[in-house]
Amino acid sequence: MTLLFPLGLLALVALPIIAALHLVRQRRRRLQVPTLLLWQQLKVPPEQRIRTLPWTTLLLLHLLAAAALALALTNPALRPGAASAPQHIIAIIDLSSSMGASDVKPSRFAKAQQAALELIDDLGPNDALTLIALDRHPRLLITGSAADAQQLRAAVSSLNPAGTGVDLAQALQLANSTLVADKRNRMLVLTDAAFSAPSTPLTAVAELEWRTWGTSTPNLAVVAFEARRIPNGEIAVYARITNAGMLPLARTVSLLVDGAEFSSQAVAIATDSSQEFVWRIPSGSTQAEVQIDSDDVLPADDRALLPLTIGRSVRVRLVSEQKTALERALAALPGLSVRVADTVSEQAAPVDLTVLNGVLPDPLPAGAVLIVNPPADQRLGSFDGFDSAPAQSAALASAFANVDLSSVQWQRAYPLLALTPTLQPMLENINGMPLVASGAVAGQPAVVWAFDPDASNLPAKLAFPLLTAASVDVLTTGALPATLEPGSPAPAADLLRPDGRPVGPRLDLPGLYRLPDAQGAVAVNFGDQAEAQLSPQPLPTVTVTPLDVAIPATSTTTWPLWPLLVLAGLGVLGFEWWYITQRRGLPIRRTVGGRS
Amino acid sequence: MPSRIISNIEVFDPAFLARIERLTLQSSRLLRGGLSGEHASRRHLPAPTFSDHRAYSPGDDLRHIDWPAYARHQELHLKLGETEQDIDVLIALDTSQSLNWGQGQRHKAVYALRLAALVGAVALASNDHVQLWPFQTRLLKQFGPATGRGRTPDLLRFLSQLPFAGQTHLPAITRGLRNRSGGLLVLISDLWTKAGLDALLKTAAAPRWQTVVLHVLHPDEIRPRLDGPIELEDSETGATISLLVDEAARRAYYERLIGWVRAIERTCRDRGATYVGVRTDRSLERAIVPVLRRRAVLG
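Line order of the protein sequences matches chains Y and E.
Per our numbering, the first sequence starts with residue 1, numbered consecutively.
Per our numbering, the second sequence starts with residue 597, numbered consecutively.
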């Protein structure tokens with residue numbers, strides 16, 4: 001059954017009103033007794049008694065009639081076959097780290113995961129399921145049918161609650177974009193609701209259902225852990241610990257340096273407040289860790305790690321047969337380790353970025369490539385002559401927004417490229433021909449400079465290092481940072497997770513991710529000011545405006561039920577009228593035993 | 597046979613009357629009266645049935661002189677014995693509005709009228725002098741004195757025409773008894789009145805009076821079947837009271853009723869009267885008659 005006008009349910013408010021009227025205006029039966037002699041001696045003044053709702057036939061009839069008419073207002077309709085109509089379920093799974101709390105056994109996330117798995121099990125042959133990850137950067141995980149149950153289950157099982165914050169508006173926007181035209185679309189949010197309602201209005205264009213897990217529970221968390229070197233060579237380590245519970249807590253906070261306990265102190269943290277700690281540790285330290293001796297339901301945020309050594313830089317190999325200004329520009333960029341080679345060698349050590357100046361080998365070297373002044377090659381597109389027109393000042397993409405080549409004078413004409421579909425122009429000349437393009441070449445990430453920078457005055461311009469930096473930024477993730485947020489994309493493919501296994505696409509476990517051969521490490525700490533608050537919050541208001549999605553022909557017929565309900569309501573009122581009339585027609589019984 | 601319909605019930609059905617005619621009224625005390633009654637008197641009088649002698653004194657009936665004793669002792673003695681004596685039976689019937697309550701066979705007025713008819717008819721059949729005093733706030737038109745079973749139809753006709761209205765007022769009986777010499781007083785009432793019983797029983801005290809109090813109560817008066825918010829109306833005064841009747845209230849009412857009945861019973865006992873509690877859900881023949889017999893009210 002479908003309610004075509006759900007707002008009609010507001011009419012159900014008449015039910016408590018009717019009950020209240022019966023309670024307030026309940027009539028006392030008047031009965032005659034031989035004498036009040038003894039009754040007057042009873043000390044049971046009615047004013048001191050709590051009135052109970054008189055469940056009279058009249059009240060039941062009133063409630064029945066009001067309920068029937070209120071339901072009629074909602075315009076309910078039966079859709080034969082609607083229940084069996086194919087449906088498309090969009091499951092939005094909360095991946096914020098608060099879902100790891102174990103106040104619901106085994107954990108909130110395990111419950112959500114189980115619910116998602118049950119959705120997969122319940123899929124009909126024509127049903128579909130879309131999984132959306134809800135964290136700070138919501139993303140579509142997978143869409144599949146019952147035939148894809150194995151992949152769907154694998155996708156659900158691979159998830160971990162490792163996000164800080166949620167962007168519900170974006171998740172709903174993503175869900176709204178996945179509606180399927182020939183199925184009944186339903187959205188299902190699996191969450192602990194431990195987040196504040198977003199300020200932006202939320203809209204859903206399909207039925208929306210919430211399933212929540214979690215209770216109000218105390219929690220201590222390390223929400224900040226940083227370090228910096230101070231002039232005397234020591235390292236200052238800073239930590240902030242928050243008590244997000246309803247009671248003040250006393251615990252022991254320990255600092256471990258290179259695995260050994262450096263400091264331990266008992267602290268008492270007041271309700272809903274934070275306490276800061278600063279330690280000075282020796283300069284040669286390589287790793288710091290802060291721990292709270294806590295037994296709360298979310299142990300993942302009770303510790304934080306920090307590598308104190310500088311991580312691995314971005315490895316760049318410049319392949320150029322001649323001396324080029326590009327080498328200087330690359331060497332000037334921080335965090336880059338540049339090596340220069342004349343030719344591409346398959347035996348060379350792997351690098352993160354290869355810069356090909358004037359050459360375009362086949363196959364391309366592994367990894368990202370910056371192709372500069374390329375020879376004619378079908379992998380880039382077709383050559384369409386040469387031009388020396390100046391560049392436009394405005395870039396076509398934000399990644400190159402600061403790069404302005406309009407003042408560059410070209411000493412030699414550059415080739416005009418009709419780009420392959422895998423490349424998108426970033427900077428163009430005034431004739432609309434591409435100067436810089438970005439995308440993929442032969443399946444590898446690539447940025448293409450169609451010109452020879454050494455045949456222009458570009459190296460003398462500020463735009464040159466900016467263009468170089470922007471190109472490198474597009475192609476690499478930069479140097480390995482000390483810490484990354486939970487759920488971030490893996491910064492390097494050869495990272496090892498805290499449990500020693502190769503890293504996946506995302507950093508979804510708390511702890512230290514290490515590069516092989518101790519080249520560096522990055523810490524992922526789950527402590528976060530927002531995620532420390534584990535108590536479920538009121539569900540945000542979502543405006544649900546179902547779109548007119550074409551339903552399969554078998555279920556387009558609707559049978560309106562409101563006439564039946566109106567008839568039922570009027571029938572009840574008619575029966576009530578008959579009942580009262582009949583009672584009035586009978587001799588009134590005025591005494592308990594009856595009076596002749 | 598005159599009859600009366602109350603609550604769809606014929607008050608005096610022939611079978612009921614046929615039974616009560618076979619009953620006799622039995623007096624257990626010395627009562628004053630003439631010599632034609634059928635009740636054996638403990639007062640030693642010259643009588644055909646010998647039990648003792650006393651010396652002759654002038655004026656004694658010569659028929660009772662024991663001549664064989666005179667022959668043997670040369671002294672005049674009178675033969676003394678128990679004589680059969682008629683008594684004045686006074687039935688005081690409460691016809692207040694509180695009696696006009698109940699349903700069917702349990703209707704209190706039906707029961708009270710039958711009780712009055714039973715006692716009156718038995719007394720008439722025993723050649724006693726029967727008077728019936730219906731009363732409310734005052735004495736109504738009386739029946740009798742009447743003697744002989746031939747007056748039974750008149751008694752039933754009189755009972756059939758009695759109105760039930762007004763309030764119970766026992767002092768009305770008390771005032772009427774002050775000029776009476778004595779007899780058997782049968783009070784039929786639900787006794788829903790605050791005062792007057794003790795004064796009545798004090799006036800109708802032994803040895804002149806033998807008093808039987810038939811306390812008529814409907815079972816719903818003993819265990820009210822009330823529940824919830826109710827406005828109760830007094831059948832006699834019209835006064836009302838609003839109550840929320842629950843189990844606690846019903847229990848409190850029952851305890852007070854028991855106390856009320858026991859107080860009446862104690863008053864009767866203290867004044868030498870016989871108290872008989874009558875529930876209208878009990879068969880009159882099977883329940884009340886044995887009780888009256890046991891208490892020597894009926895023979």
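None of these hints come from the bench; they were simulated from the model.
Don't take every hint at face value.
[Claimed, not checked] Which chain Y residues face chain E? A few, computed with CB under 10 Å, are given here:
| # | residue |
| --- | --- |
| 1 | R30 |
| 2 | L31 |
| 3 | T35 |
| 4 | L38 |
| 5 | V205 |
| 6 | V474 |
All C-beta atoms in this analysis are idealised placements derived from N, C-alpha and C, irrespective of residue type, glycine included.
> Is the shortest C-beta separation between T35(Y) and chain E less than 10 Å?
Replying inline: With Cβ-Cβ at 4 Å, under 10 Å, it holds.
> Is the hint on V474(Y) kept, meaning its closest Cβ partner in chain E is under 10 Å away?
Replying inline: With Cβ-Cβ at 82 Å, over 10 Å, it is violated.
> Does the CB of L38(Y) sit less than 10 Å away from some CB of chain E?
Replying inline: With Cβ-Cβ at 5 Å, under 10 Å, it holds.
>> For the restraint on R30(Y), tell me whether the closest CB of chain E is nearer than 10 Å.
In response: Cβ of R30(Y) sits 5 Å from chain E, so the hint holds.
>> Just to be careful: measuring from the Cβ of V205(Y) to every Cβ in chain E, is the smallest value less than 10 Å?
In response: Cβ of V205(Y) sits 53 Å from chain E, so the hint is violated.
> Under the criterion of a CB-CB separation shorter than 10 Å, is L31(Y) in contact with chain E as hinted?
Replying inline: At 6 Å from the nearest chain E Cβ, L31(Y) passes the 10 Å test, so the hint holds.
In this structure, the hints that do not hold are numbers 5, 6, in rising order.
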